Amino acid sequence: MSYMLPHLENGWQVDQAILAEEDRVVVVRFGHDWDPTCMQMDETLFKIAPKVKNFAVVYLVDITKVPDFNKMYELYDPCTVMFFFRNKHIMVDLGTGNNNKINWAVTDGQELIDIIETVYRGARKGRGLVVSPKDYSTKYKY
Amino acid sequence: MPLPPALLARLQKRGIIKQEEEVIAENYDKEPEKKQFEENAAGAPGCPNKYNQYHVCVEFCYEHWGDGTPEYRLPEKYVANKNRMLARFPLPENWVEVYDEGLAKYYFWNKVSDEVCWYSPRHPRAIISDPAPRIAREHASVLFGDTASKYSEEDNAARRRGGNNRDRGGAGRSDDRQPRGSSDKYDKRKRRGDPMEPEKSDDEEVQEMSTRDQLKRAKRKGIDPMDPAAYGDAPVGKWADGLRVDQVTGADVTAGGPLFQQRPYPAPGAILRKQKPKEDEDE
Numbered sequence: 001m002s003y004m005l006p007h008l009e010n011g012w013q014v015d016q017a018i019l020a021e022e023d024r025v026v027v028v029r030f031g032h033d034w035d036p037t038c039m040q041m042d043e044t045l046f047k048i049a050p051k052v053k054n055f056a057v058v059y060l061v062d063i064t065k066v067p068d069f070n071k072m073y074e075l076y077d078p079c080t081v082m083f084f085f086r087n088k089h090i091m092v093d094l095g096t097g098n099n100n101k102i103n104w105a106v107t108d109g110q111e112l113i114d115i116i117e118t119v120y121r122g123a124r125k126g127r128g129l130v131v132s133p134k135d136y137s138t139k140y141k142y
Numbered sequence: 143m144p145l146p147p148a149l150l151a152r153l154q155k156r157g158i159i160k161q162e163e164e165v166i167a168e169n170y171d172k173e174p175e176k177k178q179f180e181e182n183a184a185g186a187p188g189c190p191n192k193y194n195q196y197h198v199c200v201e202f203c204y205e206h207w208g209d210g211t212p213e214y215r216l217p218e219k220y221v222a223n224k225n226r227m228l229a230r231f232p233l234p235e236n237w238v239e240v241y242d243e244g245l246a247k248y249y250f251w252n253k254v255s256d257e258v259c260w261y262s263p264r265h266p267r268a269i270i271s272d273p274a275p276r277i278a279r280e281h282a283s284v285l286f287g288d289t290a291s292k293y294s295e296e297d298n299a300a301r302r303r304g305g306n307n308r309d310r311g312g313a314g315r316s317d318d319r320q321p322r323g324s325s326d327k328y329d330k331r332k333r334r335g336d337p338m339e340p341e342k343s344d345d346e347e348v349q350e351m352s353t354r355d356q357l358k359r360a361k362r363k364g365i366d367p368m369d370p371a372a373y374g375d376a377p378v379g380k381w382a383d384g385l386r387v388d389q390v391t392g393a394d395v396t397a398g399g400p401l402f403q404q405r406p407y408p409a410p411g412a413i414l415r416k417q418k419p420k421e422d423e424d425e
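Residue numbers (my numbering), protein chains in the order written: chain A, 1 to 142; chain B, 143 to 425.
Because the hints were derived from the structure by calculation, they are not lab data. Given the structure is predicted, the values throughout are model-derived calculations rather than measurements. All C-beta atoms in this analysis are idealised placements derived from N, C-alpha and C, irrespective of residue type, glycine included. One thing to keep in mind: the hints can contain errors.
Claimed, not checked - List of simulated lysine-lysine pairs, BS3-like, C-alpha gap at most 30 Å:
| no. | chain 1 | residue 1 | chain 2 | residue 2 |
| --- | --- | --- | --- | --- |
| 1 | B | 418 | A | 65 |
| 2 | B | 380 | A | 65 |
| 3 | A | 88 | B | 418 |
| 4 | B | 416 | A | 88 |
| 5 | A | 71 | B | 361 |
Claimed, not checked - The following residues of chain B were derived to be distant from chain A, with all beta-carbon distances above 12 Å:
| no. | residue |
| --- | --- |
| 6 | 146 |
| 7 | 158 |
| 8 | 223 |
| 9 | 230 |
| 10 | 234 |
| 11 | 235 |
| 12 | 240 |
| 13 | 257 |
| 14 | 283 |
| 15 | 375 |
| 16 | 408 |
| 17 | 413 |
| 18 | 414 |
| 19 | 417 |
Stated by the list, open to error - Here are some of the chain A residues that sit facing chain B, going by a computed Cβ distance under 8 Å:
| no. | residue |
| --- | --- |
| 20 | 7 |
| 21 | 12 |
| 22 | 14 |
| 23 | 15 |
| 24 | 19 |
| 25 | 65 |
| 26 | 67 |
| 27 | 68 |
| 28 | 73 |
| 29 | 87 |
| 30 | 104 |
| 31 | 128 |
| 32 | 132 |
Based on the sequences and whatever the hints tell you, model everything.
Right under this line is the structure:
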């Protein structure tokens, strides 16, 4: 479903997309459209995009086409979702130890909506770090 | 053997010889001095490395060694030996006795020809030569041209390494380093004739320290034996040293512990601005 979501083709577009949003959370998915993990994530993102359109906007960035941020954002994972609000990176305490991003595929749309809403509410209050409604520390079932 | 009156008078004046005392010398051969070079005018007064023809005194020598050993703290036996030797082999004309605080030894200097000698020039084992600091300076100017400051820095480092080694009674030092050299070393030096051999340089001094010695030194200094500084010329580094600067990420790398999870990334615009000048340089 990635073809249904807007792609950003270069670093300048990424910057402008984030700068342009004044009152919405910018959800950026870094990865590759062909990646299975990304496919799952894109599916979920596409599903929720209309539902969250009042407070969030979703963009996809191909990290091969746009390698500008790979180093700075430590984009090593197949799929990385980051949240920005008013040109500021918003961290989410997901319980995974990495507050900077979601680096796995969220398959439950409602979970992702909850996270984005939490980010939006926290960011509106000026918080740089919000706590995820669900703890993902046990995400991996060993 | 009676002292010449002039010398006797001077020694008495300096208080070395008491009035009317006959000094009879027999076993001054035990005197630890050997043929080396010295000149008081060049170098730090307290530096014990002035005899080394590859040593040029730098600031470190002045700071570290200070004033050296004062003359009155010399062992009596040494002074007595020296006086006995002087009694047996009085100094020729123009030769004067000079005390060096750095090595805590007397040497003899020809005021006219600016030659020096550890023994009295009439002594059978005496080797008269040019002063070491002068040789060292010529050597340095040949090796390093006019970049005296650069030389002195390197030399300083080499000197400290050398100094450490010798403090341990270091094995494998050259005969230059051993003021109490044995007779075979002494002969070697004598055979070599011209003491200034151009191919010998500071590098050789560094190499002279065996790997084992270097590792011992590293252990003493608390350097990790796997650190290249322990066995090579590399400076001692920290964990992050040697990492490429552009591997730094956007998040605060100095944050650790709980802070580590609270380090936001910069905005994309900030990253792009940061990358821009770098790309311009590349082009």
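Evaluation of the provided hints:
1. Proximity of residue 418 (chain B) to residue 65 (chain A) is assessed by CA-CA distance (about 17 Å); at most 30 Å being required, the pair is judged to hold.
2. The suggested pairing of residue 380 (chain B) with residue 65 (chain A) is violated, with an alpha-carbon distance near 36 Å, which exceeds 30 Å.
3. Note on residue 88 (chain A) and residue 418 (chain B): the hinted pairing holds, with a Cα-Cα distance of about 20 Å set against a maximum of 30 Å.
4. About 16 Å separates the Cα atoms of residue 416 (chain B) and residue 88 (chain A), which keeps this hinted pair within 30 Å; it holds.
5. With a C-alpha separation of about 38 Å, the suggested pair residue 71 (chain A) and residue 361 (chain B) falls outside the 30 Å cut-off, and the hint is violated.
6. Interface exclusion of residue 146 (chain B) from chain A stands, the closest Cβ pair being 84 Å apart, more than 12 Å.
7. Under the 12 Å C-beta cut-off, the non-interface status given to residue 158 (chain B) relative to chain A holds; the minimum distance is some 76 Å.
8. Non-interface status of residue 223 (chain B) relative to chain A is upheld: no Cβ of that chain comes within 12 Å, the nearest being about 72 Å off.
9. With 12 Å as the threshold on Cβ separation, the claim that residue 230 (chain B) sits away from chain A holds: the shortest Cβ distance comes to roughly 79 Å.
10. For residue 234 (chain B), the condition that its CB be more than 12 Å from all CB atoms of chain A holds, with the nearest at approximately 77 Å.
11. Against the 12 Å criterion, residue 235 (chain B) stays outside the reach of chain A, whose nearest CB is about 79 Å from its own CB.
12. The claim that residue 240 (chain B) lies off the interface holds: its Cβ sits roughly 66 Å from the closest Cβ of chain A, which is beyond the 12 Å cut-off.
13. Residue-level check passed: residue 257 (chain B) sits 67 Å from the nearest beta carbon of chain A, beyond 12 Å.
14. At roughly 49 Å, the least C-beta separation between residue 283 (chain B) and chain A is larger than 12 Å, which holds for a residue marked as non-interface.
15. Listed as outside the interface, residue 375 (chain B) is consistent with that label: its C-beta sits roughly 32 Å from the nearest C-beta of chain A, beyond the 12 Å cut-off.
16. Distance check for residue 408 (chain B) against chain A: the nearest CB is about 7 Å away, which does not clear 12 Å, and the non-interface claim fails.
17. For residue 413 (chain B), the condition that its CB be more than 12 Å from all CB atoms of chain A is violated, with the nearest at approximately 5 Å.
18. With a cut of 12 Å on Cβ distances, residue 414 (chain B) falls inside the contact zone with chain A, its closest approach being about 5 Å.
19. In this structure residue 417 (chain B) is not separated from chain A by more than 12 Å, as the shortest Cβ-Cβ distance comes to only about 6 Å.
20. A least Cβ separation of about 15 Å between residue 7 (chain A) and chain B goes past the 8 Å threshold, and the interface hint is therefore violated.
21. Against a cut-off of 8 Å between C-beta atoms, the interface hint on residue 12 (chain A) holds, since the closest Cβ of chain B lies about 7 Å away.
22. With a cut of 8 Å, the hint placing residue 14 (chain A) at the interface with chain B holds, because the nearest CB-to-CB distance is about 5 Å.
23. Contact between residue 15 (chain A) and chain B, as hinted, is supported at the beta carbon level, the nearest pair being about 4 Å apart and thus within 8 Å.
24. Among the interface hints, the one on residue 19 (chain A) holds; its C-beta lies about 7 Å from the nearest C-beta in chain B, closer than the 8 Å criterion.
25. The criterion of a C-beta within 8 Å of any C-beta in chain B is not met by residue 65 (chain A), whose closest approach is roughly 14 Å, and the hint is violated.
26. Given hint, residue 67 (chain A) at the interface with chain B, is violated; its Cβ is 10 Å from that chain's nearest Cβ, farther than 8 Å.
27. For residue 68 (chain A), the interface hint holds, since its Cβ comes within 8 Å of a Cβ in chain B; the closest pair sits about 6 Å apart.
28. Hint on residue 73 (chain A) holds. Least Cβ distance to chain B is approximately 5 Å, under the 8 Å limit.
29. The criterion of a C-beta within 8 Å of any C-beta in chain B is met by residue 87 (chain A), whose closest approach is roughly 5 Å, and the hint holds.
30. Hint on residue 104 (chain A) is violated. Least Cβ distance to chain B is approximately 17 Å, over the 8 Å limit.
31. Checking residue 128 (chain A) against chain B: minimum C-beta separation of about 6 Å stays under 8 Å; hint holds.
32. For residue 132 (chain A), the shortest C-beta to C-beta distance to chain B is roughly 13 Å, which exceeds 8 Å, and the interface hint is violated.
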